[in-house]
Amino acid sequence: MEKLPPSIPKRMEILNKNLLILFEWSDFVKKLIVFVSAVVTMVIIGYISVSNLVGSEPALYKKVSSDQIKKMKEEQETFIAYFYQENCAPCKQVNPIINDYIQTTGKDIFAVDINADKNKNLLMEGFNIEGTPTVIFISSGKEENRFLSIFGKDEFKNTADLIYGDSDI
-17 MEKLPPSIPK
-7 RMEILNKNLL
3 ILFEWSDFVK
13 KLIVFVSAVV
23 TMVIIGYISV
33 SNLVGSEPAL
43 YKKVSSDQIK
53 KMKEEQETFI
63 AYFYQENCAP
73 CKQVNPIIND
83 YIQTTGKDIF
93 AVDINADKNK
103 NLLMEGFNIE
113 GTPTVIFISS
123 GKEENRFLSI
133 FGKDEFKNTA
143 DLIYGDSDI
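The sequence shown lines up with residues -17 to 151 when you count with this note's numbering.
Honestly, the hints are just simulated from the structure, not real lab data.
No farther apart than 20 Å at their CA atoms in a straight line, the calculated lysine to any residue pairs in the SDA-like style are these: (1) 139 to 122; (2) 135 to 41; (3) 124 to 140; (4) 124 to 57; (5) 135 to 146; (6) 44 to 101; (7) 139 to 129; (8) 100 to 112; (9) 124 to 50; (10) 102 to 49; (11) 100 to 67; (12) 135 to 75; (13) 124 to 90; (14) 124 to 60; (15) 74 to 96; (16) 74 to 113; (17) 44 to 88; (18) 45 to 128; (19) 45 to 92; (20) 55 to 123; (21) 139 to 59; (22) 44 to 81.
Since the structure is predicted, the reported quantities are computational estimates derived from the model, not experimental observations.
Start from the sequences, fold in the hints, and give me the full structure.
If you want it as structure tokens, here you go:
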């Protein structure tokens, strides 16, 4: 058997060390990919779960424009006006309260999407909308009460009952 030159075993040893490092690195990269994939999957599942929980039921209110609300006020009607935005998390939280009120009483709630409404001036100056959700309780054309931001089911029902004369108070 022929003897290898002294440089060959040294090169083979270096090659073996490099292969070992490559395999160790490859194992680390595989673990990293699995970990990152798991984290991304959990974030996606969490986002989907939260989006389905918040605002998952369809809205029962009647979509109208701010001009229609103005006309109802001028005609001295009694009604509830709800100003919202599609991507507003607090709005999605109060939707079940509004839906429950509509289902239990059969009364309409008139809603204006402030992003879709064409008459921004009327929203800001005529109705003084500072944020969403805003609910205005109007009795005989006059504002009786207003909720700005999140509110409770009982608070909403009691205030609505007062303008409609359904209160036991």
